[in-house]
Every structure is written in structure tokens, then in C-alpha cells.
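Colleague: Each chain is listed here by its residues.
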Amino acid sequence: MNLYCFLRRFAGPSLSMIVVALWYALLLVLIFISLGIEGVDLRYANM
Amino acid sequence: MGVMLITVAIHWLLADHLRGWWLILVTACYVGFYSPDSLVLLSIFTVVLYYGAGKVGHLSGRRLVLLIAFNAAVLCVYKALAALSVQPDSSGGGVSTFIIPLGLSYYAFRSIHFAIERYKGSIASVEFYGMIQYLFFLPTLVAGPIHRFPEFSRDLQRKRWDGFMFAEGIERILYGYAKIVFLSHLLVSYYLELYIRDTVPVNPSLAAYMDMLQGGLNGYFLFAGYTDIAIGFGLLMGYRVMENFNWPLLRENIAVFWRNWHASLSSWCRDYVYMGVIATTRSPALGALASMIVMGLWHEFSIRYVLWGVYHGLGIAIWQQFQRLKAYFPSIGNRAVRWAWQLFSILLTLHFVMVGFLLVRHDTLSGFLDQLKQIIWLMQ
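Those protein sequence lines, which keep their order, are chains A and B. Sequential numbering from 1 applies to the first sequence in our numbering. Sequential numbering from 1 applies to the second sequence in our numbering.
Don't take every hint at face value.
[Claimed, not checked] Examples of chain B residues toward chain A, derived with CB under 7 Å:
| no. | residue |
| --- | --- |
| 1 | Tyr34 |
| 2 | Pro36 |
| 3 | Leu174 |
| 4 | Val181 |
| 5 | Phe182 |
| 6 | Leu186 |
Since the hints were made in silico from the structure, they are not lab data. Even for Gly, the Cβ is constructed at its ideal location relative to N, Cα and C.
Given the sequences, and given the hints that come with them, work out the whole structure.
Modeller: Okay, structure coming up:
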């Protein structure tokens, strides 16, 4: 929500929410790609 | 993650007066499962602190000394046992066969903080329920931060759902996992390691330099990631735990670095070691040296961590002297020169810190000096 509050200073609520959602999605993708590349079995990744 | 989700969900489903007991129960089960001796120790610490600190009225100096001595002695005994059980391994280094009880270093320092603040009068009275919740607080028990009781007590009073806090908690946990899994494991430990392996035959000096950066960055991303998860976990249940890291590797000098790296430990040492030494000796340099040695011993009872403490203590003492001399230098008026000086300061601080990390990564002083020599070759 820190990011959302920061973005709200420059953009409207909808645009801010879209950017935040995309940023979170990117982080999740990076986390799962990292787990995949390292060969960690997702069932035991303590996620 | 599963423990976290179940703990948070049940926490908010329960009635107000049961939430604290629920978290204490989860902490007891978690610690008891992974480190039963730690559960016994934590319980002893809680009882000793409760009866030692007295419910109301002023805590006497004698009792304070006894409480500090008890907490410090238990911590020292376990750290010493770990240091004495080091066995040589195949790589020529050493590995400890004794495992320190889970979170002992953190809750021992929390107990000392509680006793000192009780003595100073900032904790006016002791209520068992509040104190046990503070010491049995799962989010910060394993990897810190060493949060403070007065702030924790304020959160205990509030006890209401806050949607913004909850969302912030999820965000912090996501950042924590990204730091651990993506930045630390994938970029630093995996890709940078591949690059270093390829560079060793071509340019061993550059490989040694990159290896030094790898160790420091890996430690930072891992520790900052665990802290983010701990803070996020706390936020999900309505507790705002103090920050531990605030862009420490981009700081202009070693004093500011220590205000932003493991801030809960460095502020603990500032309040209870540095200030104490200054009050008796009037020497900031001695205060810095004592604080950093305590910080080193807190990590591990070993020569390398004492040297690490002395190294940082001397760094801070030299910086303090430099601040005095700065008054005699002409001020930099040119913007570009000022910017270049700032950049140089950041790079100098970063490399000073990285050399410190290198010192504690090596089991022997000769191993550290060999790598340092290789790195210095790169600069020539």
C-alpha cells in the first residue's frame, strides 16, 4: 500500500491500482521463475 | 507461509481477549517443535524477568544488574559452547556442531532492554500478559528485529482491524520473498556465482572482487528479506514492528550505514553500550569501539567477529575525527564536485563494509588476507 499511496500523488486511483497490481504480478512471476530455475520443487518451497 | 496464514486467520477470528493467548500458543508450539530447549529457556527468561523486574514501583540498581547478568550469562554460555564445539571441516575451515537455541540472541537482548527500560522508568509497571506477549511474539522471534516494548505496548492497546495495515503487510511479505528468492538466491547466488566461476581462470583478481561483493549482497538480501517477512507478518496482525534496514548499502558514511543496517541491534547497542561508555569515559571513539565489539560477539564468539567489531569501531572513530577536521576544510561550492564527492563517499563506505563481511566469511585470517591481496592486485 506504500506504493499505492506514493502513486496516488501523481495519478488517479484506477491507474495507481493497475500499476500496483502489475508490479505485484511481476514480483510473483519473478519469485516463481526463480524457484523454477533453481530447481526447487514448489511443493517444498515453504511458500 | 502456512503457519503464518493459519495464525493470522485464527487471530482475527478470535475474540479480542483471546488473540494474545493464541499467538503465545502458536509461538510455544513453533519454538517447541523446532527447538525444545529454546522454549524452556524462553519460559525461564519470561518468569525471571517478570519476578525480577517487579510489578510496580521502582526497579533497584542491584536487581537490574542481576537481571542483566543472568540474561548475558545464559547468552554467553551458549555462544561459548557453540564456539568450543567448532570442528575442522574438509575445506580447512571449521564448523560448529552445537546449535544455539532458536532466537536466543534476540530474546536475550529484548529481556535486557525490558529490564533497563523498567529501571529507567519508561515501563512504569509490568503486566504478565503484556510481557509474555512481547517475549513470545512469533514474527520477530527467529530473525529479529529486536523490537522495543513501549512501541509494542502501544499496538497491544489498539487491537483493531486496519485494512491499510493488512495490505501493507502483504506487500512487505511479497518484497521479502522477492529479496530472498529472486535477488539473493537467483541473481546473486546463482547467476553471479556462474559469472565468478567463468572469470576465475581469466581474471582471478576480478573473480575475488566479485566474490567479495557476492557475499555481502547475499547477506543483505537474505537478512533484509527475512526482516520484511517478519514486519509483514506483524502488520497482518496489527503490530508495527520497527524497521531494520533502510537502503544501508547506499549510505555516505559508516555512522549512517549503522543507523540503517540492522538498526534494531545497532540502536540497542547505541542506547545501552555506547551511551553507557560515553557517560563514564567521555570518549565517543571508545563508545563506538565497545558497541561494535559487543555487536560482533552478539553474532558469534570468535576472533574473526571481535576483529570485525574492532574494524568497524575504528572505522566509526576515524569518521568521528574526520567530522572534526571537516570544519577546517573549505566547503565545496560546485554542484558537480559535491555530487562526485557524494558518490565517492558512498562507494568508499560500501567497500569498507564489504571488506568487513569478507573478514567474517573466512575461517582463518590468512584466507581473508589472501583474497584481499588478490583484490588489491585488481586495483593496480
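Colleague: Now, for every hint given, state plainly whether the structure supports it.
Modeller: Here is what the structure says about each hint:
no. : hint   : result
1   : Tyr34  : violated (13 Å)
2   : Pro36  : violated (21 Å)
3   : Leu174 : holds (5 Å)
4   : Val181 : holds (5 Å)
5   : Phe182 : holds (5 Å)
6   : Leu186 : holds (4 Å)
In this structure, the earlier hints numbered 1, 2 are contradicted, and the remaining ones agree with it.
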